[in-house]
Each structure stands twice: as structure tokens, then as C-alpha cells.
Amino acid sequence: MIPTHKIAIKLFTAADTFEKSEFVPIFHHWIQNQDLPGHGLIDVADYAHVVDGPGTALIASEANIYMDRGEGRLGLLYVRKQPIAGLLPAIAAALQAATKLQSDPSLAGRLKFRTDEISIRFNDRLSTPNTPATFDGLRSDIESTARHLASGAPIQIEHHNPSPLTLMDVRVKFSQSPALAELLKRANSPQA
537 MIPTHKIAIK LFTAADTFEK SEFVPIFHHW IQNQDLPGHG LIDVADYAHV VDGPGTALIA
597 SEANIYMDRG EGRLGLLYVR KQPIAGLLPA IAAALQAATK LQSDPSLAGR LKFRTDEISI
657 RFNDRLSTPN TPATFDGLRS DIESTARHLA SGAPIQIEHH NPSPLTLMDV RVKFSQSPAL
717 AELLKRANSP QA
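In our numbering, the protein residues as written are 537 to 728.
Keep in mind that the hints were calculated from the coordinates and are not lab data.
Please note that the accuracy of each hint is not assured.
What the hints assert, rightly or not - No farther apart than 25 Å at their CA atoms in a straight line, the calculated lysine-lysine pairs in the DSS-like style are these: (1) Lys636 - Lys617; (2) Lys636 - Lys648; (3) Lys648 - Lys721; (4) Lys709 - Lys721; (5) Lys709 - Lys636.
Unchecked claim - Here are the in silico distance ranges between beta carbons for each label pair: (6) Gln727 - Pro573: 18 to 28 Å; (7) Pro539 - Ser642: 35 to 45 Å; (8) Glu679 - His565: 34 to 44 Å; (9) Gly688 - Pro641: 28 to 38 Å; (10) Lys636 - Glu607: 32 to 42 Å; (11) Gln692 - Ser642: 30 to 40 Å; (12) Asn724 - Asp640: 31 to 41 Å; (13) Ser557 - Ser687: 16 to 26 Å; (14) Gly574 - Gln727: 17 to 27 Å; (15) Asp579 - Ser676: 30 to 40 Å; (16) Leu701 - Pro539: 15 to 25 Å; (17) Gln727 - Gln692: 30 to 40 Å; (18) Glu607 - Ser642: 18 to 28 Å.
As the structure is a computational prediction, the values presented were derived from the model and not from experiment.
Heads up, the beta-carbon is just placed ideally off N, CA and C, and yes, glycines get one too.
Hey, can you work out the whole structure from these sequences and the hints?
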């Protein structure tokens, strides 16, 4: 069982051809229209000046959503702050935000999220210290969720960067890359 609701999901982009602050007006528009169901959108913060940093942040009551450039890889990072019923709903919320962003007309089809790799981080070092023992304890729940998302295709689960100095980060790699909408549909379907 996942011991915390402080889950961070990162979906990587296929490429990074975007201006550092390009997502700021998009996120402001989302706030104006409260365009992300299940989230009370509050503010936008721009960290474009931070190298390999959090990029543009959309602040909501339930989660923060970043167009993050951590590790030198652009991606949507969904960081849950309020309790949620497990790992799959957190992944579904990240996929929902990514689907909305990928279809934003102002990006003219330039943004594409990869669906062959997902980073799952646990933003709670007390409940989930970054150790092999913690990884072993989380593995079956993560594997079950990943198998549900993969819909029968092979998966690979990796403990990424095991170090007590960093957050627990598990990479789920899929052998197939379904469309983002298909992955969202799977995430929203009941897990067996």
C-alpha cells in the first residue's frame, strides 16, 4: 500500500522547443476559466530563471502542476498536496492536465507527451525514504498500477537514483506508447 498521498507524477515531453515562459499565459487562462476539473486553480509562478528547475508552476488547492525542466527534461509534473485515493487517481489527474495542455490551441500541436515512461516520486521522506527497502515495499502497488495502464503490454519498474539525499523516484517504462487519451481512459477505468 502507498503510505502517502504526497505523490508527484511526471510525464515527459517528446521535445523541448518552448520558450521558458511560454506556459504562463496558458496557465493564467486555465485559472480564469477554472479549466481543470477537480482542482481549485489559484495562481501561476514562473521559475524560468532556475536552470533545470520547476519552470512554470500552476498552483491549485489540491496539487501544484509544473512544466518542469528537472534533470534537463521538460515534462508536466503533477505534485499532489491533498489526500487522494491512491496512485491511479494521481496518475489520472496528471494525464488529465497533460491531455488538456497538449491540445491547447496556442501551442498549435507542438507539444506532445511521451507515454513510454512515467516518473512517480514520493514527496514524503518520512513515510517513503529513498532506500531499496522502501522501493521493495512500494513495488507491488506500483507494478499493479503500471500493469493496469499497460493493458497487457510488458512494463519495466526501476528505482531511479537511489539516494537518501533525494526523493524516492520510481520510473515506469512501457514497451508500447499508447496515445495520451488512451492512457487517460485506462487510468480512469477501475483497476482490477
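Verdict for Leu701, Pro539 (Cβ pair) under range 15 to 25 Å:
With Cβ atoms ~20 Å apart, the hint holds.
Okay, Asn724 versus Asp640 on CB: inside 31 to 41 Å?
violated, 21 Å
Starting from the hint 16 to 26 Å, judge whether the C-beta atoms of Ser557 and Ser687 obey it.
violated, 37 Å
Would you say the C-beta atoms of Gly688 and Pro641 sit inside 28 to 38 Å of each other?
holds, 34 Å
I want to verify a distance hint. Is the separation of the beta carbons of Glu679 and His565 within 34 to 44 Å?
holds, 38 Å
When you take the CB atoms of Pro539 and Ser642, is the distance between them in 35 to 45 Å?
The hinted range 35 to 45 Å holds for Pro539 and Ser642, with Cβ atoms some 39 Å apart.
Does the alpha-carbon distance linking Lys709 and Lys721 stay inside the 25 Å limit?
holds, 18 Å
So the hint says 30 to 40 Å: do the beta-carbon atoms of Gln727 and Gln692 match that?
violated, 19 Å
If you check the beta carbons of Gln727 and Pro573, does the distance land in 18 to 28 Å?
holds, 20 Å
Verdict for Gly574, Gln727 (Cβ pair) under range 17 to 27 Å:
holds, 18 Å
Do the Cβ positions of Lys636 and Glu607 conform to the proposed distance bound of 32 to 42 Å?
Given range 32 to 42 Å: violated, Cβ gap about 24 Å.
Against the range 18 to 28 Å, how does the distance between the Cβ atoms of Glu607 and Ser642 compare: consistent or not?
Holds - the Cβ-Cβ distance for Glu607 and Ser642, about 26 Å, lies within 18 to 28 Å.
Checked against the numbered hints above, the structure breaks hints 10, 12, 13 and 17 and satisfies the rest.
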